[in-house]
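> Read off the chains here:
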Amino acid sequence: MTRVISILFWLSLAAVLAFITLPLLVVVAASFSPTATVTFQPFEWTFRWYGDLLSNRWLDPFLTSLKIATVVAATSGVLGLLAAYCIVYERLPGSDVLMSYLLSPLSVPQIVKGVAIVLFLSMIGFQGFLGTPALIAAHVVLALPFVTRMVATSLANFDANLDRAAQILGAGKLQRIRHVLLPMIKPGVLSGVTFAFIISFNNIPLSVFLVRPGDSTLPITVINYLEYSLDPVMAAVNVASMAFILVVIFLFEKIGGFSAQIHGGSK
Amino acid sequence: MNLLDIELVSVSKTFANMSVVKDINLAVPQGEFVSILGPSGCGKTTTLNMIAGFNAPSCGDIRVRGRSQIRVPPERRNIGLVFQNYALFPHMTVNENVAFGLKMKGAGSNEIALTVKDALRSVHLEGYGERYPRELSGGQQQRVALARAIAPRPSVLLLDEPLSNLDLKLREAMRIELKEIHEQLGMTFVYVTHDQEEAMAMSDRIVVMSQGSIAQEGTPAQIYRDPKSRFVADFIGKSNILAVSDVKPNGKTAEIVVGNDVRLIARAPDDDRPIRYCSIRPESVSLGAVTASGEDKSNRINAVVRRVINLGGSLEVLAQLSEELHLHILVRSSRSTVAPAVGETVALGIDAADIQTLAE
Chain C
1 MTRVISILFW
11 LSLAAVLAFI
21 TLPLLVVVAA
31 SFSPTATVTF
41 QPFEWTFRWY
51 GDLLSNRWLD
61 PFLTSLKIAT
71 VVAATSGVLG
81 LLAAYCIVYE
91 RLPGSDVLMS
101 YLLSPLSVPQ
111 IVKGVAIVLF
121 LSMIGFQGFL
131 GTPALIAAHV
141 VLALPFVTRM
151 VATSLANFDA
161 NLDRAAQILG
171 AGKLQRIRHV
181 LLPMIKPGVL
191 SGVTFAFIIS
201 FNNIPLSVFL
211 VRPGDSTLPI
221 TVINYLEYSL
231 DPVMAAVNVA
241 SMAFILVVIF
251 LFEKIGGFSA
261 QIHGGSK
Chain V
268 MNLLDIELVS
278 VSKTFANMSV
288 VKDINLAVPQ
298 GEFVSILGPS
308 GCGKTTTLNM
318 IAGFNAPSCG
328 DIRVRGRSQI
338 RVPPERRNIG
348 LVFQNYALFP
358 HMTVNENVAF
368 GLKMKGAGSN
378 EIALTVKDAL
388 RSVHLEGYGE
398 RYPRELSGGQ
408 QQRVALARAI
418 APRPSVLLLD
428 EPLSNLDLKL
438 REAMRIELKE
448 IHEQLGMTFV
458 YVTHDQEEAM
468 AMSDRIVVMS
478 QGSIAQEGTP
488 AQIYRDPKSR
498 FVADFIGKSN
508 ILAVSDVKPN
518 GKTAEIVVGN
528 DVRLIARAPD
538 DDRPIRYCSI
548 RPESVSLGAV
558 TASGEDKSNR
568 INAVVRRVIN
578 LGGSLEVLAQ
588 LSEELHLHIL
598 VRSSRSTVAP
608 AVGETVALGI
618 DAADIQTLAE
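Chains as they are written, first to last, in the working numbering: chain C, 1 to 267; chain V, 268 to 627.
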């Protein structure tokens, strides 16, 4: 009986892993396709589609997305850190309500949010805000619950005795935050920031309402392109942005050491 | 006259209608090793936290070197604290941990380097400076915590059950080391513990706390020899506590009746309070069968041996004096000792001075 369960477990695990990986592998293979239609030919391949990526058609949206995601990551990192600090660490009055409020954007569909933001901006006469400024603001709203939640978790795990130890050793509040609290929650903050970056960089449902023609983000450009053609360039764009995200994660892991930092400085 | 390092004046602490510390008065002279000893929940940790400044007393005053500390935050009290769970900064090396207090005081880097080295030397951890706390054993971490606390030269060092997370052997070794460090530094130590052996082994003075109040204070010898209450007699070391049904004072001694009909000559009480109990330490009872000293004990009583436990260096004997009166006796055993047999009748000898009368 346990044997059957065990076999079922491994089978379903393999199915899940295959489902995650195989479509990606198809895209990767397609990006090397020798013909102008998306085909899968394992013995013939070419790099030529990747050459197209360096044209302004793809480079501009990439840079726009990069710029927006960077600002969103930094802004939601700072705001999330401050919010979590006030809620979890200082336990300001109304903390629970504040936390629920900050997490509430999670429960509104992004499309609804996008429409609401567009309507709101035109109502108050800020249509000129559409494009990069609106995208940044909207993405921060979207990313903030994740960042706040992650920082809050690492703050909740912070040993209050460490703060007391620093205090009795003569450290004032700001010194304690700088020398003890921040280094201890750094992994949580950095993983929140990474999340925010990825959420912004990959976002479609919210961005689709807010982009301005000629100043589009990468995923929106991809969507627009897909309406007319499905060719290996498309696959190459996707592979390149996937690779880019992996590099970003790797870099943050290097700076923050999500895993190594948890039990103290890396050696 | 000795300078007082710490004074607690009528200090009380109430948490949500619960009176945790009740009107405590305590004066600790400079350089003394004082233990605050008591079972868990007696208010000793709260008292320590009030001295450190993490809790404000509900009323009363706390002074360090004559200055009231009531409005002084912990970071400006110049007090050292060693935590039970060490509370080392995991993201800093041993050196950085020990240097932390000096850095916060704005000491120069040369002075910091020298002091850190000194502090690590005094806890025997030279050469461990570059390691991280997680790379050290529990005992080593505790030494780092100690070095970190003493490095800024605080006026007073508070220790909150610092040895309770260590195993027995290490704990015993650390007792001696702590005592040596105390003598070396000449710093005032306030040591909070529930372990009476620890307190006995290290302290100049022991303050026994029970239910938020000081039950008794004195040198370890005083506390052990002259417990003033049943609680202290029972909490410090082992003791036979017997209910006393009648007392006849007789100058320096008193005749007391324990059990229903066993008469004993006891030390006369120190005050006029009615005597309700007496305490007899197991090792102060001699066993006729095994001691050949022949010295004249004030009390000679026959008892039947009910149980004998060989502890190696000593024998623990349970002797029955009457229907419901038993005494635990501890006699040192050597190669020539003949252990009493169960069921055998033996003569017990107890000095009047070793029978302590208790009012409560």
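Hints in this document: simulated from the structure, not taken from any laboratory.
In this text, a Cβ means the ideal position worked out from N, Cα and C, and glycines have one as well.
A portion of the hints provided could be inaccurate.
As the list claims (entries may be wrong) - Taking lysine to any residue and the SDA-like style, the derived pairs with C-alpha atoms no more than 25 Å apart in a straight line are:
| no. | chain 1 | residue 1 | chain 2 | residue 2 |
| --- | --- | --- | --- | --- |
| 1 | C | K186 | V | N352 |
| 2 | C | K173 | V | E363 |
| 3 | C | K186 | V | Y399 |
| 4 | V | K370 | C | D163 |
| 5 | V | K372 | C | R176 |
| 6 | V | K370 | C | R176 |
| 7 | V | K372 | C | H179 |
| 8 | V | K372 | C | L174 |
| 9 | V | K372 | C | N161 |
| 10 | C | K173 | V | L582 |
| 11 | V | K384 | C | H179 |
| 12 | V | K372 | C | P183 |
| 13 | C | K113 | C | I198 |
| 14 | C | K254 | V | Y399 |
| 15 | V | K370 | C | I198 |
| 16 | V | K370 | C | N161 |
| 17 | C | K186 | V | T612 |
| 18 | V | K515 | V | G485 |
| 19 | V | K505 | V | N352 |
| 20 | V | K372 | C | D159 |
| 21 | V | K372 | C | R178 |
| 22 | V | K505 | V | E402 |
| 23 | C | K173 | V | K370 |
| 24 | C | K254 | V | R398 |
| 25 | C | K173 | V | I568 |
Unchecked claim - Where chain C lies over chain V, by a calculated footprint (3+ residues, C-beta under 8 Å):
| no. | stretch |
| --- | --- |
| 26 | 337-345 |
| 27 | 358-370 |
> Now tell me, hint by hint, if it's right for this structure.
Hints versus structure:
With a C-alpha separation of about 23 Å, the suggested pairing of K186 of chain C with N352 of chain V holds against the 25 Å cut-off. With a CA separation close to 19 Å, the supplied pair K173 of chain C and E363 of chain V stays within the 25 Å bound. The hinted pair formed by K186 of chain C and Y399 of chain V meets the criterion: a straight-line CA distance of about 18 Å does not exceed 25 Å. Our distance criterion of 25 Å between C-alpha atoms is met by K370 of chain V and D163 of chain C, whose separation comes to about 16 Å.
The straight-line distance between the Cα atoms of K372 of chain V and R176 of chain C is roughly 13 Å, inside the 25 Å bound, and the hint therefore holds. Note on K370 of chain V and R176 of chain C: the hinted pairing holds, with a Cα-Cα distance of about 12 Å set against a maximum of 25 Å. This hinted pair checks out: K372 of chain V and H179 of chain C have alpha carbons roughly 14 Å apart, not beyond 25 Å. Of the supplied pair hints, the one linking K372 of chain V and L174 of chain C holds, its CA atoms being roughly 14 Å apart against a limit of 25 Å.
A threshold of 25 Å between alpha carbons decides the hint, and for K372 of chain V with N161 of chain C the separation of about 20 Å falls inside it, so the pair holds. In summary, the hint linking K173 of chain C to L582 of chain V is not supported, as the alpha carbons are separated by about 58 Å, beyond the 25 Å threshold. Distance check on the hinted pair: K384 of chain V and H179 of chain C sit about 22 Å apart at the alpha-carbon level, within 25 Å; holds. Taking the CA atoms of K372 of chain V and P183 of chain C, the gap is about 20 Å. The hint holds against a cut of 25 Å.
Restraint check: the Cα-Cα separation between K113 of chain C and I198 of chain C comes to about 19 Å, which is no more than 25 Å; the hinted pair holds. Between K254 of chain C and Y399 of chain V, the direct Cα distance comes to roughly 20 Å. Compliance with the 25 Å bound is thereby established for this hinted pair. Between K370 of chain V and I198 of chain C the alpha-carbon distance is near 39 Å, which puts this suggested pair outside the 25 Å criterion. Of the supplied pair hints, the one linking K370 of chain V and N161 of chain C holds, its CA atoms being roughly 19 Å apart against a limit of 25 Å.
Our distance criterion of 25 Å between C-alpha atoms is broken by K186 of chain C and T612 of chain V, whose separation comes to about 74 Å. The straight-line distance between the Cα atoms of K515 of chain V and G485 of chain V is roughly 29 Å, outside the 25 Å bound, and the hint therefore fails. Taken as a hint, the K505 of chain V and N352 of chain V pair is broken in the structure, with Cα atoms around 29 Å apart against an allowance of 25 Å. Proposed proximity of K372 of chain V and D159 of chain C is supported: the alpha carbons are some 23 Å apart, at most 25 Å.
With a CA separation close to 15 Å, the supplied pair K372 of chain V and R178 of chain C stays within the 25 Å bound. Distance restraint check for K505 of chain V and E402 of chain V: the Cα-Cα separation of roughly 40 Å exceeds the 25 Å cut-off, and the hinted pair is therefore not satisfied. Only pairs whose Cα atoms come within 25 Å are accepted, and K173 of chain C paired with K370 of chain V is accepted, the gap being roughly 15 Å. Among the hinted pairs, K254 of chain C with R398 of chain V is consistent with the structure: their alpha-carbon atoms are about 21 Å apart, no more than 25 Å.
Restraint check: the Cα-Cα separation between K173 of chain C and I568 of chain V comes to about 68 Å, which exceeds 25 Å; the hinted pair is violated. Only when three residues or more bring their CB closer than 8 Å to a CB of chain C does the claim for the stretch 337-345 of chain V stand; here the count is 6, and the claim holds. Judged by the Cβ-Cβ criterion of 8 Å, the stretch 358-370 of chain V is covered by chain C as claimed, because 5 of its residues qualify and three suffice.
Hint compliance for this structure: hints 10, 15, 17, 18, 19, 22, 25 are broken, all remaining hints hold.
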